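Going line by line, the protein sequences match chains S and D. For what it's worth, numbering that gives the first Met the number 0 labels the leading residue of the first sequence as 0, then goes sequentially. For what it's worth, numbering that gives the first Met the number 0 labels the leading residue of the second sequence as 0, then goes sequentially.
Derived from the structure by calculation, the hints contain no laboratory data. Please note that the accuracy of each hint is not assured.
[Stated by the list, open to error] With a Cα cut of at most 20 Å, we get these calculated SDA-like pairs of lysine to any residue:
id	chain 1	residue 1	chain 2	residue 2
1	D	K257	D	E269
2	S	K44	D	R635
3	D	K34	S	A170
4	D	K208	S	Q174
5	D	K28	S	A170
6	D	K34	S	Q174
7	S	K11	D	R635
8	D	K208	S	A170
9	S	K139	D	K34
10	S	K209	D	E695
[Claimed, not checked] Facing chain S, a subset of chain D residues (Cβ under 10 Å, in silico):
id	residue
11	I27
12	G30
13	V33
14	K34
15	Q57
16	A224
17	K229
18	F230
19	A275
20	E276
21	P279
22	W633
23	Y640
24	I679
25	P682
Source: prediction; values computed, not measured. A virtual CB, placed ideally from N, CA and C, is assigned to each residue, including glycine.
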Amino acid sequence: MARYGIAVDVEKCTGCHSCFLACKDEHAGNDYPPISVAQPDIGHKWLRLREIEQGTGTKIKVDYIPIMCQHCEKPPCMAPGPEGAVYQRDDGIVIIDPQKAKGCKNIVNSCPYGAIFWNQEKELPQKCTLCAQMIDNGEKTTRCVESCPTGALIFGDLDDPKSEIAKLLVAKAEQVEAFKPKFGTKPTVKYIGLPKLFIAGEVLLSDKPKDCIKGAKVTLKADNQDKVMETNTDFFGDFEFKGLDRNIDYTLIAEYEGYYPQEITIRTYASKNVGELVLRAK
Amino acid sequence: MEYDKVVTTTAWSPGPGCHGGCGVKLYIKDGKVVKAEGDETHPFNQGRACPRLLALTQYMYHPDRITYPLKRVGKRGEGKFERISWEEALDTIEAKLGKIKEESGPESVLFCQGTGRDIGGPISFLAYSYGSPNWIQLGLAGHSCYTPRLGAMMATYGDYSVLDAAQFSEKRYDDPDYKVPQIIMVWAQNPMPGCPDGFFGHWIVDCMKRGSKLIVIDPRWTWFASRAEKFLQIRPGTDGALAMAMINVIISEELYDKDFVEQWTEGFEELKHRAAEYTPQKVAEITWIPEEDIIESARMYALAKPAAIQWGVPIDKCPEGSTVAQAITHLWCLTGNLDVPGGNVIARPAYGVTTYPFSTQEMHELYGEEFVKNLNEKRIGANEFPMVRNFRGWAQPDLAVKQMFTGDPYPIKACWIQTSNILGGQAADTRLHYEALKRMDFVVVADLFHNPTTMAVADIILPVASTAEKESFRSWWVPLQVIVPAVEVGECRSDWEINLELAKRFNPELRKRYDTVKQLIDDRLKPAGITYDQLKEQGGWVMPPENSASRPYRRYEKGLLRPDGKPGFRTTSGKVEFASKSYQDWGLDPLPYYSEPPESEVRTPELFKKYPLVMVTGRRSSVFFHSEHRMIPWLRECDPYPIVEINPSVAGKMGIEDGEWIVIENDRGSIKRKAQVTPIVHPKVISVPHGWWLPEEDGREPNLYGIWDINCNNLVHIGPGAKSGYGGGAYKTALVRIRKANEAVE
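For reference, chain S alone in the conformation it holds in the complex (with noise of 0.2 Å):
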């Protein structure tokens, strides 16, 4: 048996909205019985965009996350309702049935990704489906993910070691998790890139202060852990951390050969443009 899910390949979101309208045109006024009836015209984002602005001044990252039903294997909307409401199926998509969870509006508040939408008129809990009704009919693919016009959504069977996504799983392995794993969910959504903290800058030199330092060395130690970062600075004096933890004092110093070298501290409560830092010649 498949297990589905969607991978989505974060950096390559250009927050288009084009999966948003995908869902909306194939679940907006369309019944699939027996796992959907019709997305209300307006209200409900099954599958939504968040956008994230990090940095400030001269070091900026705009960033898209979609976020949709997290397909969790363990899933806390199954609790609220009656026996059946909500069920999972064999290949891990969890549906909310029409039927039987009709009523059950303690369902929408059960998902801590605020995923479920409460259809007003029709008295009903209802989510992202992962397109079951596509799947079902022998598609090889989700609505949302067909319409991506950049490959930032992948969809397909995580236990087949073949799929792309298992392969773009396995290949991306260090930066795969999942979307605020502290809710325990285990999704089957999983999330490649993630928007991190990051300490940016650049360096100049005090008696060349026109000019681009391109290679000065930059190291950034975290106070509480032995792991040390390094990096040059590029073709503009600039550099970057990125991936960084949140809340934790690090110790950052730039060097270049002749000059003194330059330390400073910073705790990273949100991602920081540490501005210039100017060397001075020995």
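Chain S is already provided as a structure; the job is to place chain D on it using the hints.
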């Protein structure tokens, strides 16, 4: 989803609204479109679609869509319209416009379009058949949309260029002749939401996946900016200075392509001399970009082989847009990136077929040189601006709106408005255009939905077909393709159908030539040696063959560009002219230069003290195209409010919270917007999305769907602002201040 059949066609204009080109599949059930998708076999979009195409069904079958002709029965602005037949509508128009032609001359009717899509062809055809030279984008200050850039390229080397993303080959990126640009300089565009502006945005992402690195120039951080090697956060309107400094660095450090410059260009010494005035140090002060970033970016662009520039409409809106565009054009010529794989390749309409006239030559070929020249005698702006007279066929919008009041040198009596919501969309100084339109004796609007313009001034409204309902064709730039009607909606007719019928009434000669739109299309397709039906049968599109004038690369070496078949470019010198003879002939400086925005911290320091923020309008949304789509629920849900982007440092200082309604104002007026506090916008700049009106509000006067409260163009003055008559609409540089909505005016 169940369906009866699939129709393969091309998307262009109503629906997605865009400049088009995507191959689409329309799923039909019971005579209705039930689903729209990208066509995976089409080389342009390779299966991809945009949110607006995905919402096509909601657009086509929207309850508010106008599906039959209407006539106004109350006073203008009362919103009282009555259904009439097509015959009555067309008879009324024929009679009214016929009388105006007789009494005041055909030039007293303006034929107004919005942004250029599947409309430039039909509307210029109607205007010329009627006999009016005044084909116009009424309201667009300085005519600041692409024409300045087109003019600059034409004046420099006799052709136009676009970034090469292998779009001229059906094999696309797999074509062995193609090279991915090492560097793409994205200049004043956000290619993804900017996609409907005439270039497929995802091509830039495709190139990035294949190794292209970016330099991004913008006042605003975008997804692309935060993935760029370098982001140059520029002061709005100063792009010309930046381009000149880059030229200076490239020449003084000898980073230019010496062989290309020597063999194929002239005017290099003059350009070198001129550019030397623009030191990076001086330009750093002008542009807010650090000197070292200007230098390194110029180096990075010049050293990359190939490198390409992807530019946007803010270039046109710079003061003297046509000279800013010229400077940027020089960058790709100096570096030998002209018409090479992965550079800026020459773009001609596929097979030389004209759908939408982009040059004077095309106007001449379609309508005869004599005829066009005669019309030019009365074209608004032709006498004041030689470039307006000699390049393309547009009337000058800023002079036109003034003439609507003064009647000098001749009165303007009527407006034919097609695909343009002037008052909710492009018109700078909304109130001025409102009053000007109110003076008209007769106004026809052809559109799909009511909007502030139909409500305020329309006497007759004609219902227009969406892209799924029309027969048309497209050759901008490749492939040559047809638009196939899949269904009918109400009594809607295509722009071509409407305009051909009226054109025949005004010019009976046309009856001998064209019974149907298809015959007209076949006539236009002749240079390609194919008919509409043949093209449709063979899948709907065809690429020009290799070694033809409308297919890259290096056509200047092969003698494919000049009418005489000699190598070189289509200029009098046969060379790329860094000092343009055309500009000189048109009374303009032959060399590019920088000009300060009309209002700025530098030019008007006193005004700047009062209004310390630069308002850039026009940031794109992937779910709307200009003033369209606000009534489409699925799309509106993604971008629900008329916002203003404010940097946190500014908002913090003023106690403005994210989500709060605030006032934006200057001496021209004030509007309200919902604050979006975000670091992506420069602290000295606010970004105010344009084209906002509220279809959910009362459309009748005085409200007109809320335009007086929220349309940013209330704060923008008219142009031209450019010596050429092209460029300089101050949509990106108006000075404003902001305050909390509940605070009293000082």
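Here is what the structure says about each hint:
Of the pairs offered as hints, the one joining K257/D and E269/D holds, with about 16 Å between alpha carbons and a cut-off of 20 Å not exceeded. Taking the CA atoms of K44/S and R635/D, the gap is near 13 Å; set against the 20 Å cutoff, the hint holds. Among the hinted pairs, K34/D with A170/S is inconsistent with the structure: their alpha-carbon atoms are about 35 Å apart, more than 20 Å. In summary, the hint linking K208/D to Q174/S is supported, as the alpha carbons are separated by about 18 Å, within the 20 Å threshold.
A threshold of 20 Å between alpha carbons decides the hint, and for K28/D with A170/S the separation of about 43 Å lies outside it, so the pair is violated. Taken as a hint, the K34/D and Q174/S pair is broken in the structure, with Cα atoms around 36 Å apart against an allowance of 20 Å. Distance hint between K11/S and R635/D is unfulfilled; the C-alpha atoms sit about 24 Å from each other, more than 20 Å. Distance restraint check for K208/D and A170/S: the Cα-Cα separation of roughly 16 Å lies within the 20 Å cut-off, and the hinted pair is therefore satisfied.
Taken as a hint, the K139/S and K34/D pair is honoured in the structure, with Cα atoms around 18 Å apart against an allowance of 20 Å. Distance restraint check for K209/S and E695/D: the Cα-Cα separation of roughly 54 Å exceeds the 20 Å cut-off, and the hinted pair is therefore not satisfied. Given the 10 Å rule on beta carbons, the hint for I27/D is violated: about 15 Å separates it from the nearest Cβ of chain S. This hint is violated: G30/D has a C-beta 17 Å from the nearest C-beta of chain S, more than the 10 Å allowed.
For V33/D, the suggested interface contact is upheld, since its CB lies about 9 Å from the closest CB of chain S, less than 10 Å. Annotation: interface hint on K34/D holds; nearest CB of chain S at approximately 6 Å, less than 10 Å. Here the hint on Q57/D is kept, as its CB sits about 8 Å from the closest CB of chain S, short of 10 Å. Below 10 Å, beta-carbon pairs count as interface contacts, and A224/D has one with chain S at about 7 Å; its hint therefore holds.
A cut of 10 Å between beta carbons decides the hint on K229/D: the least distance to chain S is about 5 Å, and the hint holds. Taking 10 Å as the C-beta contact cut-off toward chain S, the hint placing F230/D at the interface holds, the least distance being around 8 Å. At its closest, the beta carbon of A275/D sits 18 Å from a beta carbon of chain S; the interface hint therefore is violated under the 10 Å criterion. The restraint placing E276/D at the interface with chain S is violated, with a minimum CB-CB distance near 19 Å, outside the 10 Å limit.
With a cut of 10 Å, the hint placing P279/D at the interface with chain S holds, because the nearest CB-to-CB distance is about 9 Å. The interface hint given for W633/D holds, since its Cβ lies 5 Å from the closest Cβ of chain S, which is under the 10 Å cut-off. Because the beta carbon of Y640/D sits about 14 Å from the nearest beta carbon in chain S, more than 10 Å, this interface hint is broken. For I679/D, the shortest C-beta to C-beta distance to chain S is roughly 6 Å, which falls under 10 Å, so the interface hint holds.
With a cut of 10 Å, the hint placing P682/D at the interface with chain S holds, because the nearest CB-to-CB distance is about 9 Å.
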